[in-house]
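The primary structure of each chain is shown beneath.
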Amino acid sequence: MRFEVFIALRYLKEGKAQTALVLGGTAVGVAVLIFLTALIGGLQRTLVAQTLSAQAHILVKAPERLARPLPAASAVADRVEKVPDRIRSIEQWQQVLEAVRTIPGVVAATPTAAGSAFASRGPATKSVALRGIDPATFSQVIEIVPKMKAGRFALEGTEAIIGTVLASDLGVSVGDKVRLATPEGRGDVFTIAGIFDLGNKDVNQRWVFVPLRSAQTLLDVPGGATTLEVKVAEIFEAERVAREIQRRHGLAADSWMEVNQQLLVGLRSQSASSWMIQALVVLAVTLGIASVLGVSVIQKSREIGILKATGTTTRTIQRIFLLEGAIVGAVGSVLGAAMGSAMALAFANLAQGPTGAPLFPVDLTPRLFLGAATVAILTGTLAAWYPATRAARLDPAEVIRYG
Amino acid sequence: MGEGRPEVLRLEGITRDFGEGEARTQVLRGVDFALRRGEFAALMGPSGSGKSTLLHIMGLLDRPTSGRVLLGGEDTRVMDDDQLTRCRATTLGFVFQFHHLLPGFTALENVMIPMAAHKGRLDASMPECGRALLERVGLLARADNRSTTLSGGQAQRVAIARSLAMNPKVVLADEPTGNLDTQTADEVFSLLREVNQRQQVTFLVVTHDRRLAERTDRIIELVDGRIVSDQASER
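So the sequences go chain by chain: A and B.
This note's numbering puts the first residue of the first sequence at 14, with every later residue one more than the last.
This note's numbering puts the first residue of the second sequence at 42, with every later residue one more than the last.
Misleading hints may appear alongside valid ones.
Unchecked claim - Estimated spans, in silico, between C-beta atoms of each pair:
no.: 1; chain 1: A; residue 1: Ile311; chain 2: B; residue 2: Ser88; range: 36 to 46 angstroms
no.: 2; chain 1: B; residue 1: Val269; chain 2: A; residue 2: Val308; range: 42 to 52 angstroms
no.: 3; chain 1: B; residue 1: Ser192; chain 2: A; residue 2: Glu27; range: 39 to 49 angstroms
no.: 4; chain 1: A; residue 1: Ile311; chain 2: B; residue 2: Val269; range: 36 to 46 angstroms
no.: 5; chain 1: B; residue 1: Asp121; chain 2: A; residue 2: Met289; range: 40 to 50 angstroms
no.: 6; chain 1: B; residue 1: Gly60; chain 2: A; residue 2: Glu27; range: 31 to 41 angstroms
Keep in mind the hints are simulated off the structure, nothing from the lab.
Here a beta-carbon is modelled for each residue, glycine too, at the ideal position from N, C-alpha and C.
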């Protein structure tokens, strides 16, 4: 065993009360780090997952048409009004789709033809968002198959898939027929092939999926796709990928981050306040370890003098106290990990929804434990720096004589 | 005094000042003497005469204001702190008035500490060496006792065993019996003498006790930071 490890361990064992106090402080600090990070991580993951449950990471559309002002010399007033937009297809969407699928970070992409329509059955008529899709690639972008409540997620001929709320509003179930018609008067009768629940009332009430070809006919975009919906591997990379699509193809690309800016601001504020609390906790732990080790150095002044007189070098003395800090950090992180995990799991069990299911899972990952242990060991070592340097500088002749 | 035997430690023109400006005090005012191999010398003097300061300078725990300490003929002025520590570990042993054993450690561990500090680790041969040293001072039976459970005389014996751990050339003892009753003091002093004679280790023992000093080979007397007398003892 290394000499400094032997002495450091013995000093910690010897100063039972001090060691217990400093370990307790470190463990509580680590527990708070783990609890907060797991809680905020779980909460944020749930919020983002809920938001993205019915939303592609990136929506690619045809670029906005801009009105061109007349030359300045014209006698006409230069007021420029936005062009009222009609449903337009992305030009050469098949090639764009293939190209988008090759962009690094993109895991899936699907074409849709989307527009407004009315769904009616007997006297009941509802305004809906018509979405012509290719079910095979659409289900790669939005995880909808597990959320089917009835029927199947497949579309052939004049089949439609609707949400639970719309099904209830229209009083239909799988196999029933509904009429879908656009405001322009194009319409057809569709058979309900499936009913979904995407966990969002508005979506469940308004979305109607039909085959892409049917939507192209209804919306009068023959062979066209109004939107490409893209899924990326790393959700917080969506904005970067969207800008890349925009740059490469000159199309309008909106990431979920842009569409949900308020959510993102909320998440960032939450993260910032969590980081602030964690930084203060780390600071408090650092000061705690530093003060306990500082007192220990004063109490052990004479012993340090004796160690020096009997051949222990200044650097070894310094390492003994740095090791004490690191050991406190390591042991404290193990205790703190257990405490923090228990707190997080207990909280997750307490915070239950009306059905008794946890509101959100806590994010207890090996990476979190590893991170907390690293922070604790570094904090312990850093906190021990001043007492260790002070111990190393003690003049053996003086402390042996005066203590 | 021991002429013919090689010098192990020499002091030349040692002065030591403490404080600055008007508060400056000169504790040692030019001390010269040498210790030869196997010598058993006593350093005497009234309180405040500079004995402990001189011992610390000889033990390389403190640096003189001027003058030089030669250890085995080597000038210690040119050594940095780590070199001094290594030199101290391999050449010198200390016995203090208050045994200064490390309280959280056993008698054996206290004896092993200089060896482990020097090697940078504990190895399998050290307990054996430690036990041999404790046997030499008659305390093998208490090897595994914590140092805080030992009596004053026993603790001082362990301190003597610790001072011999690295086979030093010189042992510097600062009033090693000052805290012991007469009988224990005699026993400890006899032990020092026995080690000196058996291993030819040089001893310099600081003492106030004239009776004990007269059991040494040589008595050096220090008054006001100067050596006023340096002669063979009248045994």
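Against the structure, the hints come out as follows:
1. A:Ile311 <-> B:Ser88: 36 to 46 angstroms: Since the Cβ atoms of A:Ile311 and B:Ser88 sit about 27 angstroms apart, the hinted range of 36 to 46 angstroms is violated.
2. B:Val269 <-> A:Val308: 42 to 52 angstroms: holds, 45 angstroms
3. B:Ser192 <-> A:Glu27: 39 to 49 angstroms: violated, 21 angstroms
4. A:Ile311 <-> B:Val269: 36 to 46 angstroms: Given about 39 angstroms between the Cβ atoms, the range holds.
5. B:Asp121 <-> A:Met289: 40 to 50 angstroms: This hint holds: roughly 46 angstroms between Cβ atoms.
6. B:Gly60 <-> A:Glu27: 31 to 41 angstroms: holds, 36 angstroms
Checked against the numbered hints listed earlier, the structure breaks hints 1, 3; every other hint is satisfied.
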